[in-house]
Amino acid sequence: MPQPLPGDVPGLTVERRDGRDPRILFFYLILAVLLLLLAGGLAHQQLRRTDDHANAERVQTQRRIVHPGPRGNILDRHQRVLVDNRPRFSVRLLLDAIRPEIRDEERIIRRNFRAQDEADKPDLPTLPEIRRLARMSVVQRYLDQVNRILGRDERVDARELDRHFTRELLLPYTLLDDLAPVDYARLLERLPVNSPAQVYTSSVRHYPSGSAASHVLGYVGSTDEVGIEDFPGEDLRTFKMRGSVGRDGVEKRHDDLLQGEAGGAIFRVDPSGNRINPPLAQVRPRQGGNLTLSIDLDLQLAAERRLAETEMAGAAVALDVNTGEVLVLASKPDYDLNAFSPKLNAASAADITARGAWFKRAVQGAYKPGSVFKVLTTIAGFRAGVLQPDSMVQCPGFFRVGNRSFACPGGHAHGEIDLVMAITKSCNVFFYQQGMAIGPEALAREARRFHLDQPTGIDLPDETRRMIIPDPEWKRRVTGEAWQGGDTAQFAIGQGFVDVTPLQMACFAASVARNEVRTQPFLLHDPNRPRQRTEPIGLTPDQRAALLTGMEQVTRRPFGTARILDDPRVLPPLPGLRIAAKTGTAQKQTERGMINFAWLIAFAPVEDPRIAIAVAIEGDTPGEETGGGRYASPVAHAILQAWQESLSPARAGLKVPFRSSE
1 MPQPLPGDVP GLTVERRDGR DPRILFFYLI LAVLLLLLAG GLAHQQLRRT
51 DDHANAERVQ TQRRIVHPGP RGNILDRHQR VLVDNRPRFS VRLLLDAIRP
101 EIRDEERIIR RNFRAQDEAD KPDLPTLPEI RRLARMSVVQ RYLDQVNRIL
151 GRDERVDARE LDRHFTRELL LPYTLLDDLA PVDYARLLER LPVNSPAQVY
201 TSSVRHYPSG SAASHVLGYV GSTDEVGIED FPGEDLRTFK MRGSVGRDGV
251 EKRHDDLLQG EAGGAIFRVD PSGNRINPPL AQVRPRQGGN LTLSIDLDLQ
301 LAAERRLAET EMAGAAVALD VNTGEVLVLA SKPDYDLNAF SPKLNAASAA
351 DITARGAWFK RAVQGAYKPG SVFKVLTTIA GFRAGVLQPD SMVQCPGFFR
401 VGNRSFACPG GHAHGEIDLV MAITKSCNVF FYQQGMAIGP EALAREARRF
451 HLDQPTGIDL PDETRRMIIP DPEWKRRVTG EAWQGGDTAQ FAIGQGFVDV
501 TPLQMACFAA SVARNEVRTQ PFLLHDPNRP RQRTEPIGLT PDQRAALLTG
551 MEQVTRRPFG TARILDDPRV LPPLPGLRIA AKTGTAQKQT ERGMINFAWL
601 IAFAPVEDPR IAIAVAIEGD TPGEETGGGR YASPVAHAIL QAWQESLSPA
651 RAGLKVPFRS SE
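For the sequence shown, our numbering assigns the number 1 to the initial residue and increments by one for each residue that follows.
No lab work stands behind these hints: they were computed from the structure.
Keep in mind that a hint or two might mislead.
With a straight-line Cα cutoff of 20 angstroms, these simulated EDC-like cross-link-like pairs (lysine to aspartate or glutamate) come out [unchecked claim]:
no. : residue 1 : residue 2
1   : K252      : E234
2   : K343      : D177
3   : K343      : D542
Okay, the calculated beta carbon distance ranges per label pair [stated by the list, open to error]:
no. : residue 1 : residue 2 : range
4   : L647      : A308      : 20 to 28 angstroms
5   : H206      : L124      : 50 to 58 angstroms
6   : V193      : L647      : 50 to 58 angstroms
7   : A158      : L344      : 24 to 32 angstroms
8   : L647      : P409      : 30 to 38 angstroms
The beta-carbon is built from N, C-alpha and C at its ideal position, and this holds for glycine as well.
Using the sequences provided together with the hints, build the complete structure.
Below is the structure:
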């Protein structure tokens, strides 16, 4: 029981407790543990996670901008420009420089709304609405300044402006794009140097020769996929200027080489997301690599001009016989590649579609070769042992297989005719008989030995795989029907089921010129490219001489089917140039009726072949005769004439090589 102490008030007692009461010590312990945990947490955050916090602060306050590099140039084999970049002038507004004006405009808008009469005063707009109005007002003010200089009346697209401020605040806003050089000069002279509206120069694709080699060169499209290597800030929010990417042709196939190296900059931003200059880090964009094609611009233009004069669709291909490099790859109709720069509009796209100009006839057009296929039938006959250089056939003007009759062109009876004259005059009856003796399997086997059943593998996208070299097994598999004797007769003269492309036939002509069975075409120029060497055809000297004699007489004898090539009354002569050629006319049944196709294959000079050509022209009028001599020969003539002129030292001196501006 508690005892009273001296001086205590009577009746009042005080209970004494020891300071080491276990219950008090327990609370002290809990408090100490909590303080230790707090101190440990603070130490962990301050010492162990310093880098994490610094990185989080960096990610929150820094932004990265990536600029695409200009694409490399595309040149012809003589270093003349086929594709380069032209300057694209625009007026862009630096958004970080107009922040004070936008804030002032916001205050003015709020004040104006509040100053209106109470009776007429609508509900005050929200803060986001005021900001949008302020941005529109300030940006339009600068656009009006540009309008006064250029005499225009352009207006700001409110939706596009909102999108830009929401998604691409760090990038300049484009007021006007793709300005003419004269407008660019006016703005440079009259826009204040310190104005937030500045003239910018970027680059877009430029095609000096317009539509030349359009199906070869291809075009580019815009892309947001602009990457930059070996530049910090991959974890930062990144804004990318739109770049370009190859969509067709060599622009697509060799996009990795042509694509420029992107540049970039890292900026610190304020709480509103506006950048603070100068940049913390920066690297300049670099131009992509140049690409040298094997195309010869002189020959390409000559082929395209003559193809256009026919006013029909068609294709022409010319190869270097020894290397397989492509000198000409032309298709008509085509399109002006400058229409794609900077962007193809709907009207131009509709026009290209309406003219059928998207179709790359040289590499996608699978046509029946007609009588040019007789060269292969001749080779197959020699190798099968059923045809000799002095073989003779009686041609009454038609040939019967079962109950079917197959005629010579125009029903003309050639009488007794040998191989050389059969090639020269393109006698169908001669090759009907030889084809029946050779057989479809041997014909197909020989065509496949020349790889006419396969794509050539040229370094272009979209080469067709629809070529057909038929045989009885193919017909049974595809149609479910048995092979007939008439199928063999048609096969022997390049009709029936067989389909090949102009590029394939140019490769075939080059192979025959080299006396080998395969030519691999190349679009990239290599001045040190070695001569191609493949399996020999396997003809004896007499057999080859008979074949070449017949093909040369096609261009020289009065009754040769391609005599227009050497007729000075029709075309300028090609003095001293011996040409081996074979013309052909093929037919195809369409919804409009029977359409003819004019063909020609050729190589020259006969004594030392260096250039091989294939031309195919699509007839546009049902029933109209479209012969190789009439329509295809002039195209080959134009190519050969340009090639001959290019060999002269005086002409070669006119070729101006490309020199980089770097």
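To see whether the hints hold, each was checked on the structure:
1. Of the pairs offered as hints, the one joining K252 and E234 is violated, with about 27 angstroms between alpha carbons and a cut-off of 20 angstroms exceeded.
2. For the suggested pair K343 and D177, the alpha carbons sit about 12 angstroms apart, so the restraint of at most 20 angstroms is met.
3. Distance check on the hinted pair: K343 and D542 sit about 59 angstroms apart at the alpha-carbon level, beyond 20 angstroms; violated.
4. For the pair L647 and A308, the beta carbons lie near 25 angstroms from each other, so the given range of 20 to 28 angstroms is met.
5. For H206 and L124, the Cβ-Cβ distance of about 52 angstroms falls inside the hinted range of 50 to 58 angstroms, so the restraint holds.
6. The hinted window of 50 to 58 angstroms between V193 and L647 holds, with their beta carbons roughly 56 angstroms apart.
7. The hinted range of 24 to 32 angstroms is satisfied by A158 and L344, whose Cβ atoms lie roughly 27 angstroms apart.
8. The hinted window of 30 to 38 angstroms between L647 and P409 holds, with their beta carbons roughly 35 angstroms apart.
In this structure, the hints that do not hold are numbers 1 and 3, in rising order.
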